[in-house]
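2 protein chains.
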Amino acid sequence: MNRHLVIMAGGIGSRFWPMSRPENPKQFIDVLGVGRTLLQLTVDRFGKDFKPEHVWIVTSAAYKEKVREQLPDIPEENILLEPCMRNTTPCIGYVAWKIRKKYPDATLVVSPADHFVVDTQEFRRCISTGLDFVAGSSNILTLGMKPTRPDTGYGYIQSGDVASSEKNILEVNAFREKPDLQTAKQYYSDCKYNWNAGIFMWDASTAEAAIRMFEPEMAVLFDKMSESFYTAKEQEVVNELFPQCNKISIDYAVMERLAGKPQQLNGQKGGVYVMPSDFGWSDLGTWGSLYAQTSKDQNENAIIGAENISMIESTDCIVRASGQIKMVLQGLDGYIVADDNGTLLVCKKNQEQRIKEFSETLKK
Amino acid sequence: MNRHLVIMAGGIGSRFWPMSRPENPKQFIDVLGVGRTLLQLTVDRFGKDFKPEHVWIVTSAAYKEKVREQLPDIPEENILLEPCMRNTTPCIGYVAWKIRKKYPDATLVVSPADHFVVDTQEFRRCISTGLDFVAGSSNILTLGMKPTRPDTGYGYIQSGDVASSEKNILEVNAFREKPDLQTAKQYYSDCKYNWNAGIFMWDASTAEAAIRMFEPEMAVLFDKMSESFYTAKEQEVVNELFPQCNKISIDYAVMERLAGKPQQLNGQKGGVYVMPSDFGWSDLGTWGSLYAQTSKDQNENAIIGAENISMIESTDCIVRASGQIKMVLQGLDGYIVADDNGTLLVCKKNQEQRIKEFSETLKK
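These protein sequence lines map, in sequence, to chains P and S. The first sequence begins at 6 in the numbering used here and counts up by one. The second sequence begins at 6 in the numbering used here and counts up by one.
No lab work stands behind these hints, which were simulated from the structure alone. Just to be clear, a hint being listed does not mean it is correct.
Note: identical chains are not told apart, hence a pair may lie in one copy or across any two.
Said to hold, decoys possible - BS3-like mimics (lysine-lysine), calculated; alpha carbons at most 27 Å apart, straight line:
id	residue 1	residue 2
1	K274	K197
2	K301	K368
3	K238	K331
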């Protein structure tokens, strides 16, 4: 079994302010109030099929200690530190080149650090089936989430012909960016469209070949960096060369360019595929999605975190207290109430897309 | 000038929770956000006519250090410490007996520690006129506040015949407890009724004689305690005997019994009088009254205290931040938002009479 798990854990989670901040973003927080951070829950979710030496975390240099603390079993050399944010292609390039140097035949599943899944068993079945599908091929497999509403906050994957009916895998015709509401409603009524969850699988060699094809300058940089991998000079070299990488997402750089147009990669045809999946998923990208995933009291209030919160004649609220302050909340209907690090946010739940704007109204 | 100022500063201010708490009640807090506590503002208001040796603070033993800190000019022997709360008659008995022992001819003005006055000059004029009126007599003069609304939260003073047209002083026919709304409206439309502000003036000898007449057992206790006043044993003796005092307000014990029925006190007829006054007054008894007395932003929000509060699409709120947390408040209309000592209250302004109930919903 040459399966490796890559977790991208470099985000700053600005939409969950004030709970999530650049110095402590949401993947490192027990957002759900269950005693485990989102990063820990992510590793837990993939299960024991991935031994610690096969789990790789790519994050910002600033979060190294948090990762070490929260995932003490992961070897230090498996924690890759980006000196700056360059979106997902350089992130994946770094880890793919590094894994391949030690494990030339590795097959990777790449996952965000901060998502939520209801049915772990079905999730693991999908991952296992998907890794079987891509292993030894030049194909890329994405997971498509069956939409439960015409959401305008997700990208959509448009599927085409069936590639494997046994494995429930289809070709990808195109990736569609976050749509307007009318378009989202069209997608929602058309079974060809699934949400793009940002989880995908490919061989490390496919990742390297695809980046070499579509971002050749970046590939040259990783070829150079690769000489230092697993040596004492690695971080120094990465710190010097990584910032020269083009700032581009893997969706733009590879997925969209390859969708519907398979190419020769590593001497065999490689394309992009999708496995429609239905294991109960949320990217926990917003307070609203967190509200949807947490249990409610009899007044439809979701109360997460601290114990000492008193709700009086309040309904339909999501309250996430740090435990640093007690709260008595009376007469609130449909609000987000969150405190952290000495900052309190109270805002209408339906205004949550403006939280970044709200956070910027405070003096620094 | 034998004028003495007595400030009753023993309240616990539960209606201003969480800002005001038994361990730090509102008289010791800069409630208005002006840089001075209510107690300091009260002493300031009376002005330099009262030299520090003539200012007396009666408070709970628990607050001694707060008083010393906030009023460093007041001699320590002028800070009287009640071992327990016994309402205003024992409070006034203690200070009247004590002052009289050292200053037999003292004239007292007795004031709560936590009220608000707009026109300090007019206030001082009223106090000075009133002290002239009672000095050397056996009369008691109360200040009546001209009502600005049919308030059901105040007691009312019903005036009778004119006693001094020059000084604008009338006899008191009766004290009326907090009325229902219908009665309050009658009072409001009748110029005979004024709010009872709890500020009154009398000679120390009148105070002693009145308490001796109406609460003779209490007078005996103070006669005993008096032997220890200004000695090292004072506090010990007070701690032993003060708790034996009847728990009764000065309004019940003296004012109501004397109103309309003058008595011989100290060999001359003494009665209760009222000076209708109009200097802009609030007892700051509730968040609503604090809201009324503070400046508002363009959206009718009163923001008191800390600087780092951001109001977005919020109207008609009163926000009192401790400075311990920053706040972003969006979409709130008509709320009280207050934090202190690690506790946050958000509640509808029109529910403020339930704040004590709200505070009790938190675990201790």
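Hint-by-hint comparison with the structure:
1. K274 <-> K197: So K274 and K197 pass the 27 Å test inside one copy only (24 Å; across, 99 Å).
2. K301 <-> K368: between (34 Å within a copy, 20 Å between copies)
3. K238 <-> K331: So K238 and K331 fail the 27 Å test inside a copy (48 Å) and across (43 Å) alike.
Violated hint: 3 only; the structure is consistent with all others.
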